[in-house]
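S.K.: Chain residues, written in single-letter form:
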Amino acid sequence: MSPAEETAQNQAFEARIAQGETIEPKDWMPERYRKQLVRMMSQHAHSEVVGMLPEGNWITRAPSLRRKISLLAKVQDEAGHGLYIYCGTETLGVERDDLIGQLLAGTAKYSSIFNYPSLTWADMGTIGWLVDGAAIVNQTALAKASYGPYARAMIRICKEENFHKRQGYEIMATLAAGTPAQQAMAQDALNRWWWPSLMMFGPSDKDSPNSAELLRWKVKQKGNDELRQRFINLTIPQGTSIGLTFPDPALRYDADSGDWVTGPIDWDEFHQVISGNGPMNRERLVARNTAHDEGAWVREAAEAYAAKHSATSREAA
Amino acid sequence: MKLWEVFTQAGHGAPHEHAGSLHAPDAELALQNARDVYTRRGEAVSLWVVPSDAITASSPEEAGPFFDPGNDKPYRHPQFYKIPRGTKE
Chain D
1 MSPAEETAQN QAFEARIAQG ETIEPKDWMP ERYRKQLVRM MSQHAHSEVV GMLPEGNWIT
61 RAPSLRRKIS LLAKVQDEAG HGLYIYCGTE TLGVERDDLI GQLLAGTAKY SSIFNYPSLT
121 WADMGTIGWL VDGAAIVNQT ALAKASYGPY ARAMIRICKE ENFHKRQGYE IMATLAAGTP
181 AQQAMAQDAL NRWWWPSLMM FGPSDKDSPN SAELLRWKVK QKGNDELRQR FINLTIPQGT
241 SIGLTFPDPA LRYDADSGDW VTGPIDWDEF HQVISGNGPM NRERLVARNT AHDEGAWVRE
301 AAEAYAAKHS ATSREAA
Chain V
318 MKLWEVFTQA GHGAPHEHAG SLHAPDAELA LQNARDVYTR RGEAVSLWVV PSDAITASSP
378 EEAGPFFDPG NDKPYRHPQF YKIPRGTKE
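As you go down the protein sequences, you meet chains D and V in turn.
If you read the first sequence in this note's numbering, its first letter stands for residue 1, the second for the next number, and so on.
If you read the second sequence in this note's numbering, its first letter stands for residue 318, the second for the next number, and so on.
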């Protein structure tokens, strides 16, 4: 393509974005748009997959059969969500094996929240309530993303995610209305997960290297700070109504804006965790690699069966 | 591993619609995976899986001229025709 042609293609693309059109896999798109989507979508898919680990840790120790089937179903959903987004990413011309290879090798990023440990049963409550709650706020905005396969995966995920949040909140409400020890467990979990859940939205837009470009291309519809504020406003009343308090002495309600205003977020901690120094980064990678290796025989057996079967049907023909 | 496109039928009488894609070594496992990935909440009464490379798609660059024959024929729509005032349909 000549430079003039490329400029024309670029202008046509920007015009389509400006009109709110959806970009589909076979449409022309700037290399940078493709690259940014691959980066963002693969990180999102990895987060779904790694997100199974903190909760998988508690399946065998769920306090009742009801809680156990819920948690199993939720973790299975997370696997499904990872698959939806990997499929979407593949439409951009990348191989899933390569993406998974990057995750296993530790060169890919995923949501920093999953590098915190799940220490008690109450953490299953906070993960559902806060982590999935934050994900819903984020993904509801992404359901209108300019890239069709990403937006469609988000719509599917959003439909399923509400159950995740409600089962988590139910756990918290039950513990918060329980014995003093159960109440303390719920409060402790909230104290540990509150700030990391606010960090899930990413750095403030002015400090986020990718935000402006993604907003301009309408991959993101809303900025990190706006989404974070929406999550805070939704969550504070939910916590207060079940008698929990938030670990933030500076937290106050601003009547003029109608917003809950938090104290400053410790971005040093966020950068430490995202660059591999969180409490569980190493353990998550080891667990993911072990699961992948231990599943190898299943993939090999399925391939061998398919090969044998197609050989037999060729002979029959 | 082969790539498959998955189509789900939401209810009897409804059309099969594209749900997404997945990896599987053969059709049998593609169906099972499709059930587990795309119908965990009773979203379908029927499933199709099709090898992705078996699909031939129209090309976006030629969408204009390709679909043009259907875009300039208002006389294929009932609104094109006038009927006397007061006539009930």
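Don't take each hint at face value.
[To be verified] Okay, the calculated bits of chain D under chain V, using three or more residues with CB under 8 Å as the criterion:
#	region
1	75-85
2	109-118
3	293-305
[Claimed, not checked] Computed list of lysine-lysine pairs in DSS-like fashion (alpha-carbon distance at most 25 Å, straight line):
#	chain 1	residue 1	chain 2	residue 2
4	D	206	D	109
5	D	206	D	222
6	D	68	D	35
7	D	35	D	144
8	V	399	D	26
9	V	319	D	308
Worth flagging that the hints you see were computed from the coordinates, not collected in a lab.
A virtual CB, placed ideally from N, CA and C, is assigned to each residue, including glycine.
S.K.: Does each hint hold? Answer for all of them.
M.R.: Cross-check of the supplied hints:
no., hint, verdict
1, 75-85, "holds (count 5)"
2, 109-118, "violated (count 0)"
3, 293-305, "holds (count 4)"
4, D:206 <-> D:109, "holds (21 Å)"
5, D:206 <-> D:222, "holds (13 Å)"
6, D:68 <-> D:35, "violated (40 Å)"
7, D:35 <-> D:144, "holds (19 Å)"
8, V:399 <-> D:26, "violated (42 Å)"
9, V:319 <-> D:308, "holds (15 Å)"
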